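Novice: As given, the protein sequences belong to chains D and R, one line each in that order. Residue 33 in my numbering sits at position 33 of the first sequence, with consecutive numbering throughout. Heads up, my numbering is the position in the second sequence plus 388, with the first residue counted as 1.
Source of the hints: derived by calculation from the structure; they are not laboratory data. Heads up, a few of these hints could be off.
[Stated by the list, open to error] Here are the in silico distance ranges between beta carbons for each label pair:
hint	chain 1	residue 1	chain 2	residue 2	range
1	R	K500	D	D247	45 to 55 Å
2	R	K727	D	K29	42 to 52 Å
3	D	K141	R	A555	42 to 52 Å
Given the structure is predicted, the values throughout are model-derived calculations rather than measurements. For every residue, glycine included, the Cβ atom is placed at its ideal position computed from N, Cα and C.
Number of protein chains: 2
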Amino acid sequence: VEEKKEADKKDPYGNDPKRHPALKPASEKPFNAEPPPSLLIHSYLTPNDLFFIRNHLPVPVIDPKTFSLQVAVEKENGGAKLSLDDLKSKFPKKSVTTTIQCSGNRRSEMIKIKSVKGLNWGIAAISTAEWSGVTLDAILKHSGIDIDKVDCKHVQFEGMDKGPDGATYGASIPIEIARSLKNEIIVAYKMNGKDIPRDHGYPLRIIIPGIVGARQVKWLNKIVLSKEESSSHWQQRDYKGFNSSIDWHNVDFSKAQAIQELPIVSAICEPAEGEMLEDAEEVTIKGYAWSGGGRGIYRVDVSADGGKTWHEADLNSNNQSPYKAWAWTLWEATVPLPKSSKNTQLICKAIDSSYNCQPDSVEGIWNLRGVLSNAWHRVSVTIPNDQR
Amino acid sequence: VEEKKEADKKDPYGNDPKRHPALKPASEKPFNAEPPPSLLIHSYLTPNDLFFIRNHLPVPVIDPKTFSLQVAVEKENGGAKLSLDDLKSKFPKKSVTTTIQCSGNRRSEMIKIKSVKGLNWGIAAISTAEWSGVTLDAILKHSGIDIDKVDCKHVQFEGMDKGPDGATYGASIPIEIARSLKNEIIVAYKMNGKDIPRDHGYPLRIIIPGIVGARQVKWLNKIVLSKEESSSHWQQRDYKGFNSSIDWHNVDFSKAQAIQELPIVSAICEPAEGEMLEDAEEVTIKGYAWSGGGRGIYRVDVSADGGKTWHEADLNSNNQSPYKAWAWTLWEATVPLPKSSKNTQLICKAIDSSYNCQPDSVEGIWNLRGVLSNAWHRVSVTIPNDQR
Ligand SMILES: [Mo]
Ligand SMILES: [Mo]
Numbered sequence: 001v002e003e004k005k006e007a008d009k010k011d012p013y014g015n016d017p018k019r020h021p022a023l024k025p026a027s028e029k030p031f032n033a034e035p036p037p038s039l040l041i042h043s044y045l046t047p048n049d050l051f052f053i054r055n056h057l058p059v060p061v062i063d064p065k066t067f068s069l070q071v072a073v074e075k076e077n078g079g080a081k082l083s084l085d086d087l088k089s090k091f092p093k094k095s096v097t098t099t100i101q102c103s104g105n106r107r108s109e110m111i112k113i114k115s116v117k118g119l120n121w122g123i124a125a126i127s128t129a130e131w132s133g134v135t136l137d138a139i140l141k142h143s144g145i146d147i148d149k150v151d152c153k154h155v156q157f158e159g160m161d162k163g164p165d166g167a168t169y170g171a172s173i174p175i176e177i178a179r180s181l182k183n184e185i186i187v188a189y190k191m192n193g194k195d196i197p198r199d200h201g202y203p204l205r206i207i208i209p210g211i212v213g214a215r216q217v218k219w220l221n222k223i224v225l226s227k228e229e230s231s232s233h234w235q236q237r238d239y240k241g242f243n244s245s246i247d248w249h250n251v252d253f254s255k256a257q258a259i260q261e262l263p264i265v266s267a268i269c270e271p272a273e274g275e276m277l278e279d280a281e282e283v284t285i286k287g288y289a290w291s292g293g294g295r296g297i298y299r300v301d302v303s304a305d306g307g308k309t310w311h312e313a314d315l316n317s318n319n320q321s322p323y324k325a326w327a328w329t330l331w332e333a334t335v336p337l338p339k340s341s342k343n344t345q346l347i348c349k350a351i352d353s354s355y356n357c358q359p360d361s362v363e364g365i366w367n368l369r370g371v372l373s374n375a376w377h378r379v380s381v382t383i384p385n386d387q388r
Numbered sequence: 389v390e391e392k393k394e395a396d397k398k399d400p401y402g403n404d405p406k407r408h409p410a411l412k413p414a415s416e417k418p419f420n421a422e423p424p425p426s427l428l429i430h431s432y433l434t435p436n437d438l439f440f441i442r443n444h445l446p447v448p449v450i451d452p453k454t455f456s457l458q459v460a461v462e463k464e465n466g467g468a469k470l471s472l473d474d475l476k477s478k479f480p481k482k483s484v485t486t487t488i489q490c491s492g493n494r495r496s497e498m499i500k501i502k503s504v505k506g507l508n509w510g511i512a513a514i515s516t517a518e519w520s521g522v523t524l525d526a527i528l529k530h531s532g533i534d535i536d537k538v539d540c541k542h543v544q545f546e547g548m549d550k551g552p553d554g555a556t557y558g559a560s561i562p563i564e565i566a567r568s569l570k571n572e573i574i575v576a577y578k579m580n581g582k583d584i585p586r587d588h589g590y591p592l593r594i595i596i597p598g599i600v601g602a603r604q605v606k607w608l609n610k611i612v613l614s615k616e617e618s619s620s621h622w623q624q625r626d627y628k629g630f631n632s633s634i635d636w637h638n639v640d641f642s643k644a645q646a647i648q649e650l651p652i653v654s655a656i657c658e659p660a661e662g663e664m665l666e667d668a669e670e671v672t673i674k675g676y677a678w679s680g681g682g683r684g685i686y687r688v689d690v691s692a693d694g695g696k697t698w699h700e701a702d703l704n705s706n707n708q709s710p711y712k713a714w715a716w717t718l719w720e721a722t723v724p725l726p727k728s729s730k731n732t733q734l735i736c737k738a739i740d741s742s743y744n745c746q747p748d749s750v751e752g753i754w755n756l757r758g759v760l761s762n763a764w765h766r767v768s769v770t771i772p773n774d775q776r
């Protein structure tokens, strides 16, 4: 026992929290894990302990009593330093329900085509929660900053999670996104009504509806308005998209734009790949659909015959406007199975409120980092013998 | 001559204006036409006489002296009636450069798969102009209407073009779009600095950046804020998207959402389909890319070998923010041709600021009205013998 404790002290991950046993790890240190797909779509709001975990570094140990959030315009005096208590007592509390997706969600499908650098995520590096806290606009105003007038181009966020070199995780968003969402971006201290769990950013996470998880910095302790993008590795040399002829020998990260808003995605969570179906006549297919930029889901098409015929799925309305649909749409469809086949491929594809659709194939969007994997989702299943 | 005049009087299209001879008609009555693709990309702003024409009905004859624009909230007193002179003299003039695309642009590619109902548009039912006029917000305020507070869900627009039944063309947009674009939506009286030509809506057209042409009503004479969508045929039973298993025997227009914001599109304008190239080693490919909702173009990928390898095109910056990119991006790329091939397929596909991509195939997006045709654009060309 003593030896174990000693080892934990040396292991930078020794202070990581315990995780739910149902989570399926994509890596242990840093810890990254996703819930089983069938549990994922069990509820519109993902329970905190099943929410996918995407950590880049060890989970920091933070004392809420001494913690503070710094807010400033780069190279200017002024700004503010806010305690947790300030945030909870001096500002109105606002809640927003958003879906967060890792840019690497569904990367495993890209890896099958050609190897990529990144965690082998399945289809569940995506989850939904109701976040509560203080709007970015309120915090900036309190700090003497008018976001509509400030002469800056980016809003930088810094976390308290640190690498061995002492560098912390950081990211930024363009000022245009910050301005248009100033009352929807939230410095959150609650996740589904509870203190944010340590794995998800305790005590503070910045929630930016409609954009990639990578910019929604956890363990947030600095907001800096700047003329420059975040200089962090993850902003500059990661989380960008390239075409499929770019690989590590010819990539130039400075030529691509940082991923912010995400494109439309959907996935089949039930049945699972390789499953033997129970019924020979029809199958009930369930899944999620989501798009970035607040675009709602207009339609989900499902096929049980490899794409020959399509059926429109029933959407469980999320009650959000199609132009401020920050959260996913869960859906299901019961469709006839092809007769006298032993196997078939189930497919889903979604349409958002800008009538964006998903690309047909993974081949066409393959990229060296395996991000933005949003092709039609295909699941092969076995059909039982018809007993009639 | 007399007989011709007599016939013209009976022909509802007898008063239509003369058109530029370079325009290629998709239909004569009503007149619909597109410019040659190589002319289309000759300039960032499309010359007025080459701008694609999409008329649903005869071009109305309008006297600018007696013309007025009515503005009202449905079932309420108040509102305003504005003359052309009022619009030009009582309000600040605002200009916005936008690309307008017909929902049927590139329909000809869908028709090749399976017949659809609609005009056989090529790739040039899209054009760009600088529009000048009065913002929707200014006009509504002048009319005593606060768009952020009014208890309405849609903004309806009515034109003066009439069918044989007396019904006028009409359309509407959701209040959310009107609110977020209240200072970018323009009641335009100028197109590229000149009076709007009769084919394009003289004297007034509503310009709504980032959305489909069908809602940008020409010959505009009524703006009505309402709890309901426009009841027009084109809003209710047309210009909606369906999956490829829906055809005229099973379509239910009430189940789909009216097209508003458009998805990402791009096309190769040079070389043309079937062209014999001049050079055996490389080819210069030129085209346009555009996305709805103000999403700018982040990348255009071009292939000269049917999609085996991709090259990033050079983008001609349009100087618009990637989140308010209302106008297209013209691009070009010079890429090597496959060796010892007599024929090859050129392809382009684009990425917008939400990292949306185009679908790989027309098959996957085929729909009974042939709208939203934004698959990878493919052009087959012949390669000359290498003389070296
Ligand atoms: Mo991520
Ligand atoms: Mo159209």
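Novice: Find the hints from earlier in the document that the structure breaks and name them by number, from lowest to highest.
Specialist: 1
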